[in-house]
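Asker: Whole structure, please, built from the sequences with the hints as guidance.
With the sequence shown counted from 1, adding 300 to any position gets you this note's numbering.
Be aware that a few hints might be false.
[Claimed, not checked] Okay, derived cross-link-like pairs now, DSS-like style, lysine-lysine, Cα gap no bigger than 30 Å in a straight line:
1. K441 - K363
2. K355 - K407
3. K355 - K441
4. K441 - K597
5. K407 - K305
6. K356 - K441
7. K363 - K407
8. K597 - K305
Hints are computed from structural coordinates only; laboratory data are not their basis.
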Amino acid sequence: MTRSKAVWPAPVTRDSRVALVSPSGPVRSADDMRVAEQNARDLGWLPVAADNAAKKAAYFAGKDAERALDLNAAFRDRSIAALWCVRGGYGAMRILDQLDYTAFIEKPKALIGYSDITALHAAIASRCEVVSFHGPTARGKHSSFSRDSFARAIIQQENSCGVWAAARTVRPGSVSGRIAGGNLSLVASLIGTQYQVDLTDAILVIEDINEAVYRVDRMMHQLLMSGSLDNCAAIAAGDFTLPADDSDSVDRSVDDVFSEISERLGIPCISGLPIGHIDDQWTIPLGARANIDTEAKCLDIITPNKTGT
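Answerer: Spelled out as C-alpha cells, the structure:
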C-alpha cells in the first residue's frame, strides 16, 4: 500500500509567531528559555513562550495536562506558524492521546525538535499526514552548519541534506521513498501503539545516544520481528554515540548491526550521517519524499519546489 503524500506546512517566514513548547523534559535553567527566545529572534521570528514551558514536575516540564494544554493552544491558535520544542528528555508519548489533531489538520504548522520529540513526529504523521521537522531544539547552541540546514528546511523549503562524504556505505543501492523515523528508542517504543511509525516504502532515518551496541541490536531486531521493516525501502543511520563504559562493544559496532539487518532485508543502508545528538546536524523533513544513494553518500529531499519520483 502506498501512502498519500504528506502535506508540507507553510514556510516559517520572517515575523512569524513561533510557539516555544516543552512537551517532554523540563528546562534546566532560566537561561534555556532566554536562549530559545534569542534563537527564534535570530531567525527573524517572534517567540511566544507557552504558559507552562518553563515548569518542572519531576522529570517532566509540568504535568501531562499542562504540557498537552500548551500544545493544543498552539495547535488552535491560527496566528502561530510553528511549534519549536525547547528540549527533549522524556514525556511526549504520555500526552499523545490528549492532543487536538483535528485543529492541527485544519491549520498545519511546522513542528520542530528531535530525540523524545520523535513521539510527536510519529503522532503527527499517523494522525495528520503533515510533514514535521527532525531538527535542533530551541535551547541548543546551533552551529552555522545546523542553522543553514534548518533554514533550508523550514524557511526556504529547499533540500536540507545532500552529500555527506564522511558517511559509511553499509549496503550499496539507491531508492526513492518517504522519510520516517527519528530517535531509535522512541521508534521501537511506539511499536504496537496507534502511533507506530509506518515504514512502508520508507527511508528509515534513525539516531540515538548513550545506547550500547547490544541495545541498538535489540531495538533493530524488535523492528524486524514486529514486521515493521517488512516493506522498508532503505536505512539512513545518523549518529550513535556509545556510552563511555560500553566495554561489551569492543568487537562489534552499530554498523555491524545495520549490515546484518539491511542484508537480511536486501535494502540500501548508510551510516554516519549528520543526524542526532551532535553539534552539526541536518534538519530532516519527516514525511517528505527523498532520494537516497548510499554509494554516493547522498540524501536529497524532494521539496514542494522540486519535483521527483
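Asker: With a cut-off of 30 Å on the C-alpha distance, tell me whether K355 and K407 pass.
Answerer: Between K355 and K407 the Cα gap is close to 27 Å, so the pair holds against 30 Å.
Asker: Within a Cα-Cα threshold of 30 Å, do K441 and K597 meet the stated pairing?
Answerer: Holds, at about 27 Å.
Asker: Regarding the pair K597 and K305, is the alpha-carbon distance no greater than 30 Å?
Answerer: holds, 25 Å
Asker: Next pair to validate is K356 with K441; report whether the Cα-Cα distance is within 30 Å.
Answerer: holds, 22 Å
Asker: Can you confirm whether the C-alpha distance between K355 and K441 stays at or below 30 Å?
Answerer: holds, 21 Å
Asker: Sort out whether K305 lies within 30 Å of K407, counting only the CA atoms.
Answerer: holds, 17 Å
Asker: Between K363 and K407, is the straight-line Cα distance small enough, at 30 Å or below?
Answerer: Given pair K363, K407 holds - Cα atoms ~26 Å apart, limit 30 Å.
Asker: K441 and K363 were given as a pair; does the straight-line alpha-carbon distance stay at or below 30 Å?
Answerer: holds, 27 Å
Violated hints are absent here; each numbered hint is respected by the structure.
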